[in-house]
Each structure stands twice: as C-alpha cells, then as structure tokens.
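Number of protein chains: 6
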Amino acid sequence: MALVPMVEYDAAPPAVRAVYDDIRATRKTDYINNFWKVLAHDPAMLARTWANVKEVMGPGAIDPLVKELIYVAVSVTNNCEYCIHTHTAAARAKGMTEAQFRELIAVVALASQTNRIAIGYQIDVDERFREPLA
Amino acid sequence: MALVPMVEYDAAPPAVRAVYDDIRATRKTDYINNFWKVLAHDPAMLARTWANVKEVMGPGAIDPLVKELIYVAVSVTNNCEYCIHTHTAAARAKGMTEAQFRELIAVVALASQTNRIAIGYQIDVDERFREPLA
Amino acid sequence: MALVPMVEYDAAPPAVRAVYDDIRATRKTDYINNFWKVLAHDPAMLARTWANVKEVMGPGAIDPLVKELIYVAVSVTNNCEYCIHTHTAAARAKGMTEAQFRELIAVVALASQTNRIAIGYQIDVDERFREPLA
Amino acid sequence: MALVPMVEYDAAPPAVRAVYDDIRATRKTDYINNFWKVLAHDPAMLARTWANVKEVMGPGAIDPLVKELIYVAVSVTNNCEYCIHTHTAAARAKGMTEAQFRELIAVVALASQTNRIAIGYQIDVDERFREPLA
Amino acid sequence: MALVPMVEYDAAPPAVRAVYDDIRATRKTDYINNFWKVLAHDPAMLARTWANVKEVMGPGAIDPLVKELIYVAVSVTNNCEYCIHTHTAAARAKGMTEAQFRELIAVVALASQTNRIAIGYQIDVDERFREPLA
Amino acid sequence: MALVPMVEYDAAPPAVRAVYDDIRATRKTDYINNFWKVLAHDPAMLARTWANVKEVMGPGAIDPLVKELIYVAVSVTNNCEYCIHTHTAAARAKGMTEAQFRELIAVVALASQTNRIAIGYQIDVDERFREPLA
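Protein chains in written order, with our numbering: chain A, 2 to 135; chain B, 2 to 135; chain C, 2 to 135; chain D, 2 to 135; chain E, 2 to 135; chain F, 2 to 135.
The shape of chain A in the complex, shown without the other chains (with noise of 0.2 Å):
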C-alpha cells in the first residue's frame, strides 16, 4: 500500500481538481491514475509533474509512441514496476503492436548487456565518439 492515501476527486481542493480536469481533458479519459491521486497531496508538485509530463509528453521532434517506448525502455531499467505496467500500457493505447514491446525488451537487454560489457572491461570511448556536433 502507498505511504501516503490517495486523494479522490471529490474531496479534492480546487488546484487539484484544476489538474485533474485538465488530466481527463488532455489524455480524453475520465480515469485518474493512482500516481496523481497519491501526487495530489502535495498540489504544487502535482501541478509541476503534470506541467513537465504534458509538455515532454506532447507534439514534438520524437513521434509519441516512441517516446513511450522510450519511458518504458527507462522504467524497466529503473526497475519500476509501476511506470513499467502504467506506460506499457500507454504504449499500447497507442499502437504498440506485442511485435514491437517483444522487440523493445530485446534492445533493453541488449544494451544492459553491452553496458556492462564496457563498464566491467573498462573501454575507452574511440577518439572519433568524443567530438560535440559542430
């Protein structure tokens, strides 16, 4: 069970609720995830996570399914069980085909595997990957 209760719409002060409503408006669902509901204790991070996910979330130069693949790919290797089943689930509202979650897992594991590779023989970085783009 979560360390702190949940705060439900209802008996929500109006700055929740202003969040909640635009939450519902923005992802067209009526649903609160329990994240925000747990989030609503505290109503100025609330506003601000909700801030920051809308407009990293949103419109941009990466198509929105890949950057949920992307979440997922980070939440897997953070070990969060909740942000793994919550944007798997994201994901797949947006299309993700089984195809292409088997595939994702696949690159995650390939790269944890290199990773470590690198990491545990210690390789140095090839002088031509350390350039900045001009």
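No false leads were slipped in.
Once the Cα atoms are required to be at most 27 Å apart in a straight line, the calculated DSSO-like pairs of lysine-lysine come out as: (1) LYS95/C <-> LYS55/C; (2) LYS95/F <-> LYS55/F; (3) LYS55/D <-> LYS95/D; (4) LYS55/E <-> LYS29/E; (5) LYS95/F <-> LYS95/E; (6) LYS55/D <-> LYS29/D; (7) LYS95/B <-> LYS95/A; (8) LYS29/A <-> LYS95/A; (9) LYS55/D <-> LYS55/A; (10) LYS55/B <-> LYS55/E; (11) LYS55/F <-> LYS55/C; (12) LYS95/D <-> LYS95/C.
Some but not every residue of chain A turned toward chain B, in silico, with C-beta under 10 Å: (13) VAL5; (14) HIS86; (15) THR98; (16) ASN116.
Worth flagging that the hints you see were computed from the coordinates, not collected in a lab.
The structure displayed is predicted, hence computed values, not measured ones.
Positions of the beta carbon are idealized from the N, C-alpha and C atoms, including for glycine.
Let chain A serve as the given structure and place chains B, C, D, E and F on it in line with the hints.
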C-alpha cells in the same frame, strides 16, 4: 585505459577476423570500435555478442533509428559513458536530429523523475494496468 | 517470503540475543525488525551490521532526523522496498512531518532528473568545482 | 567533452538570457554552471528545469542545507560525477562542514549496504511498517 | 502478473518446443521456468537467450557454482526479484551451503558500501591499478 | 581529483596509523590504497570500514578468490570505476586468470541482460522458487 589491451585486425586470429569482416560489411565502414577490439580476447564472446547485436538491431518491428534512441536511453540510465558516446554517434549517423536528441534526453530525465516518485511513495499499480494482453 | 527463515528471540543463541537486547535498549522498543531476525542466521554479520548502524546513525555532526531523510533518499534511489518502508516509519517516529516527506520525495525526484540530464549530455565538471577543499 | 557545445550568454537568445539572469539573481553570483549552458540548446527544457530547481530547492518544509545533502546523497547513489561535484560545492557554500560531509558519505554507504542485504534476502516488510499515515 | 501470458509446451510451435526440449535435457528436469515460457512469445529471442545462457553458464574457466554465485550477486545489485529467487535456487541445487549464501550476501553488501564511498568521495584510481595486463 | 585530500602515513594521527599498519600487515604490502588515505579523514569510519573488509574478505565459507570475483561483479554492476580497477587487480593478485576475467565479465553481462528481461516483462516468480530453505 581498458583492463585488457585491444586486438588489432592484423594480429587477430581467423575467428576474430571473420567477425571484424562481418562488422565492416554490415556497417559499411572500415572502422572497428574499441568495444569489439577488447572483446576479441574472448572470440566466443565476440562472436556471440556481435550475433546478438546484429540480430536485435537489424530489421524488425521497430524502426532502426528508434532502436538507437532506446539504446541511448538505456545507456544513459545505466550510466555507461562508452555506450552513450558510441550510440549517440550511431543515432546521429542514422538521422537523429539535434532536436530529437534533446527531446530524448528530456524524456529520459522525465521518466527518471517520475520513476523515483512512484518508488518513493510506493504507489500501487492500478488494477486496470495489471492485466496482461489477451 | 524471505529466502531464509527468521530467528525469534526465544530460539536465538546468546550472541544473537545480546544484539537483540542492545537493539531494544538503544531504540527503546521491544520490537525487533524482520531485518535483524533474518540477519541473525549469521551472528557475526548481525553484530557487525548493527554496530555499523548504531555508530553511523548515532549522535554526530548531522541531526538524527536528517540522517533518516538521507537514508530514505538513498533507499528510494536504490529501489529497496523494505528500506523505504522501515526508514520512512523511522523518520516519522523521529518527527518528519508529511510536508517534509513530500518535499523529500520532490528533492529525490529532482536530483534523479538532473542526474540523468548531466549524464545524458556527458556534461563536463566545471573547473571551479573540481578542486578539493584546502 | 559534452555531446553538445555550450551556449554562452552573449550568444544566447532572449529566452535563454532571461533564465541566465534569473539564475544569477537567485544565486547571487555571475557564474552560470556548465549544466545550464548545455541545457540552453533547448530553451523550453532550460526554463522548465530551472523552474523545477528553483521551486523544489527554495524555501519549504526542509532546511536548504539539508536539501543539498539529500541531493548529494541521491547523486552519489546514481553515480553522477557532475552532480556530485556541483552539489557538494553547493552544500559547502551553504555551510556543510567537512565533518558533515564525511558523515553524509557514511550514511549513504550504510544505506547502500543494508539496502542490498534486504534485497538479497528478499526480506518481507514488517506488517507494522506497511500502513500508510492516517 | 506478467505483461504477456505464458506459452505452455503443448501450445508451443516447433521452434519453441525444440528450445524447451534442450532446456530439459541440459538441466535434467522436466520443469520449464516461467522465464522461458514468457520469452517463448518471441521464438528468436528465446533461442538466442537460451543459447547465451547455455554457453556462458556451461563448462569454462570458472566453476559452475561460482558462476551462479556471481549471477546472484549481479541480480541482487540490479534488484531483480525474479532472478534472485531462481538463481538462489539454482545455486543451492549446485551445492551452495547456507553459510556460503550468507557470506555471498555479506560480500555484496560490503562491495555496495565501499562502491558508494569511492564514488561519493570521487577517489582517484591509484596509478598502479590503471595499467592493463601485459 | 578526490573531494578531500589524502592523508599520508607521516601526517596521520595514531589511530589512523594503527589501521594503516594493520592493512600493511594483513595484505603483506607497504602500499596503502588511495581509498584508505581518503577515508582517513574520518578515523572512526576508516577503522570501521577496514574491520568490515577484513572480516568479510577473510577466511570463511567462500574461497578468497571467489569473493574477489563477486566483488568485481558488484562493482561493475554499480559502475564504480575505482572499485573495478582495484578489485580486478586484487583478483589477479589472488590468481584470477585472464580467461576467468573474461568469463566473469560474460556472466555479469548475461545476468544484466536476463535481469532486464525478467523486469521488463514483470515475470512472476515460479511458486517452487518462493519457498525458503527449511
């Protein structure tokens, strides 16, 4: 400096040369990364790891550039300096724009932030996100 | 379920009882956490680990409550469910308010976010921050 | 060297200069850390990240120096060289003594040790520590 | 519950059955772990991963039991509940005594402690430990 | 450069010299690693940490070389450059062959790969692996 010296092509045994040749042919470049030159001390591991990389990063359900973005995301999360440099270079070579690179870092940072919030509060996974795909 | 059974006081050998007694006296409670009951299988490790905890978490240059906040921050970052629960409880027992708990999680989340940005871009340490204290 | 070049004040667009100015005013220093100069390539992310830092690290329920100690603890656990250097410097600037720094490292090391023990034995959370605050 | 359902032997395609058969023959047991049943959705990844496990964990320069101890140590450090359980069982099956298990956890905890100290103080590698093997 | 200067033998207080002397006698070398010279600023932590290392790494149920291999495996997984260098050197001094080193890295890489797969798919622990030792 790496914990083992690198094996150059001219000093490599036939099994290692065969992998080097395949890397060159597959990647259409003469350059062999330090990673492979260090792994070459263990020809079986070199062959196995290259086969893994070739199979996972080759054509599949996810776009090759997207796979590189995921690879970079995992490498950043695992804090592998070597892999961050080489796979950022690989992603750029495959067409990653600077705007995409910045957005990638933003998503990785956002996920790391929300991962810690979910873990810190020990937030329960919503029932609706617990179901496996039918 | 833990990978080894717990050792209860009545079934414990003298060396283990001595540590349990010291934990009870130091913490002014009869309750012995599962952590110690599992460690009791290895009396030398139990004694050593308790001595470490007692020494490090005892009076020193940093306030006891602050040390608990740091302990929780590390446990969240290491993703240790057991330690998050027990040290959050310990921090609350030492006076952590709910507002402080929320702010603690906010700092942990912020640091995790900026850590990934610095690592992702491989930002060089500013010269002025490289110098050790005189 | 960082994967993107730094943006100096004189070459910065107005939106970036505004953030730089606010950093200088808030921190009462002319110096802009490399972190911000690299982020400046993404003015929206620069503004968002600085707003986060300013809000979370500003006055609140936890003492500013304590927040820096927590920041350092998380950065050590995440192994972020850049952040360890800059936030240790920030903590010293806010009054952290050398004795406190040593004790901070001792707490981080202790928590990392007990975290691994709890995870290694898969110790069950005691029932009494599972309850959320009323 | 896993994010994808498990593939049982009777419902498995020939390529998956072949791997299951090889696992059974190699491990001299009829039991197939959940790990493989989940991986079976991706027959190529199942075959590749099993080939990796079979090759790396098979006869070599390090004793099979010692390899399992290392496997458990990494799984504890990566905080993989599934892998901690299955590889602790595998190590016990290969002869790990309870005294060895306790000592393994002690070494993992010690290393995690000293790792954080070295990182926290940003201790420089001694010149004499920087040289690769001739 | 380390965040605190090193304490050399001639400038060390008696309590620190006593630990240095014990390290030299135990390890049969005059050389004191940077690790201990940095820790020496905190004589209590120096004494405590050395006592831990001496006890855990001394004679026990697991062979001394195997303990070093485990130490290196954890250090690679935690990405501690300092510890990877010093404990690889220690393992070599205790007889680790180059073939064993390569196999060690292969096991660490394999475990990191399968850890991520188990976490990524959120695979349930098989009932039979959940039971503690009788």
